[in-house]
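K.L.:
Those protein sequence lines, which keep their order, are chains A and B.
Counted the way my numbering counts, the first sequence spans residues 1 to 115.
Counted the way my numbering counts, the second sequence spans residues 1001 to 1114.
Simulated from the structure, these hints should not be mistaken for lab results.
Hints are supplied without guarantee of correctness; some may be wrong.
Here are the simulated distance ranges between beta carbons [as the list claims (entries may be wrong)]:
| id | chain 1 | residue 1 | chain 2 | residue 2 | range |
| --- | --- | --- | --- | --- | --- |
| 1 | A | Glu-63 | B | Ala-1017 | 30 to 40 angstroms |
| 2 | B | Glu-1066 | A | Thr-17 | 42 to 52 angstroms |
| 3 | A | Pro-8 | B | Gly-1016 | 18 to 28 angstroms |
| 4 | A | Thr-17 | B | Thr-1077 | 45 to 55 angstroms |
| 5 | B | His-1010 | A | Met-45 | 44 to 54 angstroms |
| 6 | A | Lys-64 | B | Met-1083 | 23 to 33 angstroms |
| 7 | B | Pro-1114 | A | Gln-60 | 22 to 32 angstroms |
| 8 | A | Pro-108 | B | His-1082 | 35 to 45 angstroms |
All values reported here derive from a predicted model rather than from experimental measurement.
The beta carbon of each residue, even a glycine, is placed where N, CA and C say it ideally should be.
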Amino acid sequence: GAVVSQHPSWVICKSGTSVKIECRSLDFQATTMFWYRQFPKQSLMLMATSNEGSKATYEQGVEKDKFLINHASLTLSTLTVTSAHPEDSSFYICSASRDRAGTQYFGPGTRLLVL
Amino acid sequence: AQSVTQLGSHVSVSEGALVLLRCNYSSSVPPYLFWYVQYPNQGLQLLLKYTSAATLVKGINGFEAEFKKSETSFHLTKPSAHMSDAAEYFCAVTAPGGSYIPTFGRGTSLIVHP
């Protein structure tokens, strides 16, 4: 149990376009979903935390107008990278949590390459 | 506030040797502690977690970790390394009663030599 899917697994887009990444908890309802960004050979950088039906909480330095997060249901959260630029190229990982300990169940990640 | 320190960005062992990955934490309250593993180009997978029950926690793939409050440590061990254990390992901490947002360590890359 506790499977999280992420789609697409990779995407290549032109600079200036928007890209939407979906994160779904397949067999449980997630109280909280998280979006991370990971640079090569580095740890996870938390971008934002979202709860179903409420606005996402963004970490300091993350542009909320650039990285739009929608948490439409207890099983689906989306991250939209608006007007993507090459510096947005990265590995984006979502996770979902369902317990009070904050155990994270991660999606497989989405690799974004902006040309 | 909470923090995690993983000593050693890289750990290299021979196949069959003991694996020891170090994690020290800082937390103002008794923490919840986690180890995650990340294989190349994949998300993270939960290996094991400590949530104030038994201090010796057994996880998947033969890994275990021991919570030592006096040392503020949660080191990950495996008696005998396998080639398939080569991956990036992350220690994380959350604080009960807080936001349950985890703080991750910087990761330790485990290299296994044949």
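K.L.:
Please go over all the hints and tell whether each is borne out by the structure.
P.N.:
Now the hints, each set against the structure:
{"no.": "1", "hint": "A:Glu-63 - B:Ala-1017: 30 to 40 angstroms", "in the structure": "46 angstroms, violated"}
{"no.": "2", "hint": "B:Glu-1066 - A:Thr-17: 42 to 52 angstroms", "in the structure": "49 angstroms, holds"}
{"no.": "3", "hint": "A:Pro-8 - B:Gly-1016: 18 to 28 angstroms", "in the structure": "39 angstroms, violated"}
{"no.": "4", "hint": "A:Thr-17 - B:Thr-1077: 45 to 55 angstroms", "in the structure": "47 angstroms, holds"}
{"no.": "5", "hint": "B:His-1010 - A:Met-45: 44 to 54 angstroms", "in the structure": "20 angstroms, violated"}
{"no.": "6", "hint": "A:Lys-64 - B:Met-1083: 23 to 33 angstroms", "in the structure": "43 angstroms, violated"}
{"no.": "7", "hint": "B:Pro-1114 - A:Gln-60: 22 to 32 angstroms", "in the structure": "45 angstroms, violated"}
{"no.": "8", "hint": "A:Pro-108 - B:His-1082: 35 to 45 angstroms", "in the structure": "22 angstroms, violated"}
This entry does not satisfy hints 1, 3, 5, 6, 7 and 8, going by the numbered hints stated previously.
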